[in-house]
Every structure is written in C-alpha cells, then in structure tokens.
Amino acid sequence: MLESIVEIRVRREGLKVEMSIELSTIADSQTVETVMENEKELIVRNYTTLEALRTIDFYLAFLINFFNSALTGLTSSTVKTYGRDCGFDNNFLVIVLTLSSVFNCLGRLTWGIIGNRYSFKGPLIILQIEWASLWFTYGFVTQVGGTAAKALFAIWTFLLYTCLAANFVLIPNLATRIFGPRSMPTIFGLLFAAMAPSTLILSGVIAHFDIRGQWVPIYCSGAGFAVIGLILTLFLRDPNGACTAWTNSCARVCDCCRCDPKEEDVWNKTEISDKKEFN
1 MLESIVEIRV RREGLKVEMS IELSTIADSQ TVETVMENEK ELIVRNYTTL
51 EALRTIDFYL AFLINFFNSA LTGLTSSTVK TYGRDCGFDN NFLVIVLTLS
101 SVFNCLGRLT WGIIGNRYSF KGPLIILQIE WASLWFTYGF VTQVGGTAAK
151 ALFAIWTFLL YTCLAANFVL IPNLATRIFG PRSMPTIFGL LFAAMAPSTL
201 ILSGVIAHFD IRGQWVPIYC SGAGFAVIGL ILTLFLRDPN GACTAWTNSC
251 ARVCDCCRCD PKEEDVWNKT EISDKKEFN
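Its first residue numbered 1, the sequence shown is counted upward by one per residue in my numbering.
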C-alpha cells in the first residue's frame with residue numbers, strides 16, 4: 001500500500017489551476033488517471049455580468065436567441081392559421097395543438113437529458129439543423145393532399161414544438177456552461193431579453209402583411225433564421241463540449257474578443273476532506 005500526495009496541474013482554457021489531492025492506497029497509474037479526470041470536472045469559471053458583457057460569446061448567444069425566438073413566435077402564431085388555410089377542420093387542429101403541448105413538455109425533458117450529457121454546443125447544432133430542415137419543408141408537406149397531408153402536418157407540428165422546447169432548455173444550459181452558475185440568473189435574463197425585439201418585429205410583420213397563402217416563403221424564411229443561428233453557434237466556445245472538436249477552429253477565430261473572468265476557479269486549491277480508498 002502506498003500513500004502519497006499528488007500535485008496536479010490542469011490547464012484549461014488558458015488557465016493554470018493547482019490542486020492538491022490526497023490519494024490513499026493507490027494501486028496503479030490507471031487509478032491516478034481516473035482521479036485526474038474526475039478532478040478536472042471540478043473546474044468552474046464564473047463571470048460577473050459586466051465580464052460577460054465584455055466577451056463575444058454573450059453577443060453570439062444573444063443573436064442566436066434573437067433568431068430562435070422569431071422561430072418560436074412563428075410556431076405559436078401561425079400553425080393554426082396555416083392548418084385552416086390548408087382546409088383542416090377545427091377539431092383536427094385542436095387535437096394537434098393539444099398533443100403539441102405534450103411534445104413541448106416531453107421535448108424539454110429529452111433535450112435536458114441530452115444537454116446534461118453533451119453540454120450545449122453539439123445539441124444546439126443539431127437543433128438548428130433540425131429546425132432549418134423542418135421549416136424549409138413545412139410549407140410543402142400539406143401539398144400532397146388527403147390523409148397524408150393531415151398526418152405530415154401533425155408530425156411536422158409535433159417536431160416543431162419539440163424544437164421550441166429545446167431552445168428553452170439549451171440557452172440556459174449555454175449560459176451556465178460558458179459564464180458559470182454564480183451570475184447565471186442575471187446573464188440568462190439578459191440573453192432572453194432578445195425575445196422582446198424579436199417577437200415585436202415578427203408581430204409587426206404579421207400584422208402589416210396578409211400572410212395567408214404565403215406559407216412557403218414565410219417558412220423558408222424561418223429556415224433561413226435557423227441557418228443563421230447554426231452559423232453563429234459554430235463560433236461559440238463550449239468548455240465542456242462533446243463531439244464538437246471539429247468546430248474549434250471557428251471558436252478560436254473569436255478568441256481575441258473574449259476575456260477571462262477574474263475569478264479563475266471556484267475550486268482553486270481544493271481540499272478533498274474525505275479520503276478515498278482505491279483497491
């Protein structure tokens with residue numbers, strides 16, 4: 001049996017963090033590596049609100065939420081009108097919209113689990129691609145006519161409501177992962193302030209123009225918003241991202257517009273009080 005103090009230096013996002021970990025009964029090097037990986041997860045970066053406002057990730061996230069909020073408004077404000085314009089009866093539309101609220105609820109749970117597992121950037125990229133695909137095809141699926149049109153309309157509507165749910169899950173996840181939990185409520189509130197101008201502009205456009213019969217260009221415009229959100233997402237920095245290494249070159253382009261928080265690590269010089277035995 002060997003007892004020792006292992007000094008670990010972790011370099012993450014340009015910060016050096018020293019941690020002392022007391023290891024009791026170390027069996028082999030694989031155990032040490034496991035402990036090191038576990039300790040890396042303790043690193044948390046906490047931005048103040050002013051520090052967040054000085055980094056480009058805040059404005060990227062704000063713009064992403066701006067365009068995504070337009071898509072959520074487009075979903076909630078036009079689906080029923082679109083269905084009526086396609087000749088679907090009110091009973092059918094009521095059933096579809098009622099079930100859509102169920103998919104909205106289930107979508108929040110599902111995307112929450114995905115966000116916990118894969119952080120925010122990978123899921124957000126998938127969301128934007130899915131959203132763009134759905135909006136681009138939404139105006140065409142009802143043109144097949146008959147029962148198939150009803151079925152496709154219902155399926156696309158359900159999927160759009162799961163995307164709506166995903167946005168309300170992944171943006172808070174983004175705020176916590178990038179800026180840390182300490183000022184997250186304030187930063188999250190500022191990010192969701194993007195909903196105000198987005199929905200006001202959308203409402204003005206819908207009120208000013210007669211949108212009936214113009215569903216293909218309207219929903220293709222929605223697909224364009226999702227593509228813009230996708231491009232912006234590629235430039236975000238995700239400290240805990242999984243399966244997003246291929247986007248690192250895009251994220252590094254914006255490094256000159258990022259600032260590090262003064263509070264480097266809330267777990268700096270962590271003392272592990274409970275000794276763990278490794279057999």
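Calculated from the structure, these hints are not laboratory results.
There's no promise every hint is true.
Per label pair, the in silico range of CB-to-CB distance [claimed, not checked]:
no., residue 1, residue 2, range
1, Pro185, Thr110, 30 to 40 Å
2, Ala148, Cys220, 15 to 25 Å
3, Phe192, Cys243, 19 to 29 Å
4, Asn90, Thr49, 26 to 36 Å
5, Asp85, Ser249, 18 to 28 Å
6, Ser101, Cys243, 26 to 36 Å
7, Gly146, Ser249, 41 to 51 Å
8, Gly145, His208, 43 to 53 Å
9, Cys220, Thr147, 21 to 31 Å
10, Val216, Cys250, 47 to 57 Å
11, Gly87, Asp255, 28 to 38 Å
12, Asp255, Gly224, 36 to 46 Å
13, Cys86, Cys243, 31 to 41 Å
14, Ile155, Arg252, 48 to 58 Å
For every residue, glycine included, the Cβ atom is placed at its ideal position computed from N, Cα and C.
Checklist line | Consistency of beta-carbon spacing, serine 249 to glycine 146, with hint 41 to 51 Å | finding: Holds, since glycine 146 and serine 249 (Cβ atoms, about 48 Å apart) stay within the stated range.
Item checked: Range hint compliance [Cβ, glycine 87 to aspartate 255, 28 to 38 Å] -> Since the Cβ atoms of glycine 87 and aspartate 255 sit about 53 Å apart, the hinted range of 28 to 38 Å is violated.
Next item on the list: With 47 to 57 Å as the target window, see if valine 216 and cysteine 250 comply at their CB atoms.
Entry: violated, 31 Å
Notebook entry, point to check: Should the hint that asparagine 90 and threonine 49 are 26 to 36 Å apart at their CB atoms be regarded as holding?
Noted result: violated, 47 Å
Item checked: Range hint compliance [Cβ, alanine 148 to cysteine 220, 15 to 25 Å] -> holds, 21 Å
Margin query: Between the beta carbons of glycine 145 and histidine 208, is the distance compatible with 43 to 53 Å?
Written below: violated, 31 Å
Margin query: The hint says 26 to 36 Å between serine 101 and cysteine 243; measuring C-beta to C-beta, is that right?
Written below: At 31 Å between Cβs, range holds.
Checklist line | Supplied distance hint 18 to 28 Å, evaluated on CB atoms of aspartate 85 and serine 249 | finding: violated, 44 Å
Note to self: Within 36 to 46 Å: is that where the Cβ-Cβ distance between aspartate 255 and glycine 224 falls?
What the structure shows: Violated: the Cβ-Cβ distance is about 28 Å, outside 36 to 46 Å.
Notebook entry, point to check: Do the beta carbons of isoleucine 155 and arginine 252 sit within 48 to 58 Å of each other?
Noted result: violated, 39 Å
Notebook entry, point to check: Could one say that the CB atoms of phenylalanine 192 and cysteine 243 fall in the range 19 to 29 Å?
Noted result: Taking Cβ atoms as reference, phenylalanine 192 and cysteine 243 lie about 27 Å apart, which means the hint holds.
Next item on the list: State, for the Cβ atoms of proline 185 and threonine 110, whether the hinted interval 30 to 40 Å holds or is violated.
Entry: violated, 24 Å
Comparing the model with each numbered hint stated earlier shows that hints 1, 4, 5, 8, 10, 11, 12, 14 do not hold.
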